[in-house]
Amino acid sequence: EPEVTQTPSHQVTQMGQEVILRCVPISNHLYFYWYRQILGQKVEFLVSFYNNEISEKSEIFDDQFSVERPDGSNFTLKIRSTKLEDSAMYFCASGLAEYNNNEQFFGPGTRLTVL
Amino acid sequence: GDSVTQMEGPVTLSEEAFLTINCTYTATGYPSLFWYVQYPGEGLQLLLKATKADDKGSNKGFEATYRKETTSFHLEKGSVQVSDSAVYFCALRGYQKVTFGIGTKLQVIP
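Which chain is which? The protein sequence lines are A and P, in order.
With the first letter of the first sequence counted as 1, position 59 gets the number 59 in the working numbering; the numbers rise by one all the way through.
Take any residue in the second sequence, note its place counting from 1, add 1000, and you have its number in the working numbering.
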């Protein structure tokens, strides 16, 4: 069964460093998403991406964040200068369509630890 | 905006006990509703979903019914097992994004 994959599973970085989190969505999906979950808190939407551009973003997704689909398979989240409060589990998701009855498939997550 | 409220845990039950996790929502339009499960150290897995009023989603013995009149989507299971120990997230999807509840940790003891 096709699945969303994410690398690395755990990333440790120093405050102020740039990190890139990588995702490979399901191959025929067209809509891509990033969410994050700070430890012990709920999962929060960051950004959605379609047709090579951001279609929606949350207040969390400020200028420190960017997303890219550099080729036909990868979808990346870049944090330009990490802060301690960026420590969280980051989930990538993909879906076939934007309509609400279409499921989003989530990857296993990347745990980001900022020291 | 959209929001999901679910009971906070942890919920501790004995094996074979009946489970209810309450979930209510606020949304514009006609969202789809979901329950996701997160096992320790793992990602989010879709447990069940319902896309319109009065639909019942079911999977692995879990059930939830989309109640538009009470804006609820309570999760139930008749007889829980130790392997059901996990965090359960109620969620809704309107346009584009999924909005999650805070998650309810379930611990089932033998």
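For the record, the hints were derived by calculation from the structure and aren't laboratory data.
Glycine included, each C-beta is placed from N, C-alpha and C at the ideal position.
There could be a bad hint or two in this list.
Stated by the list, open to error - Output of the computed footprint for chain A on chain P, the stretches with three or more beta carbons under 8 Å from beta carbons of chain A:
1) 1044 to 1051
2) 1069 to 1075
As the list claims (entries may be wrong) - With a straight-line cut-off of 30 Å between C-alpha atoms, the simulated BS3-like cross-links for lysine-lysine are:
3) Lys57/A / Lys1077/P
4) Lys57/A / Lys78/A
5) Lys57/A / Lys42/A
6) Lys1077/P / Lys78/A
A quick look at each hint next to the structure:
As drawn, the segment 1044 to 1051 of chain P meets chain A at 5 residues by the rule of a beta-carbon pair under 8 Å; at three or more, the given contact holds. Under the rule that three or more residues need a Cβ within less than 8 Å of chain A, the assignment of the segment 1069 to 1075 of chain P is violated, with 0 such residues. Of the pairs offered as hints, the one joining lysine 57/A and lysine 1077/P is violated, with about 36 Å between alpha carbons and a cut-off of 30 Å exceeded. Between lysine 57/A and lysine 78/A, the direct Cα distance comes to roughly 14 Å. Compliance with the 30 Å bound is thereby established for this hinted pair.
In summary, the hint linking lysine 57/A to lysine 42/A is supported, as the alpha carbons are separated by about 17 Å, within the 30 Å threshold. Restraint check for lysine 1077/P and lysine 78/A: not satisfied, since their Cα atoms lie roughly 40 Å apart, outside the 30 Å limit.
In the structure shown, a violation is registered for the earlier hints numbered 2, 3, 6, in ascending order.
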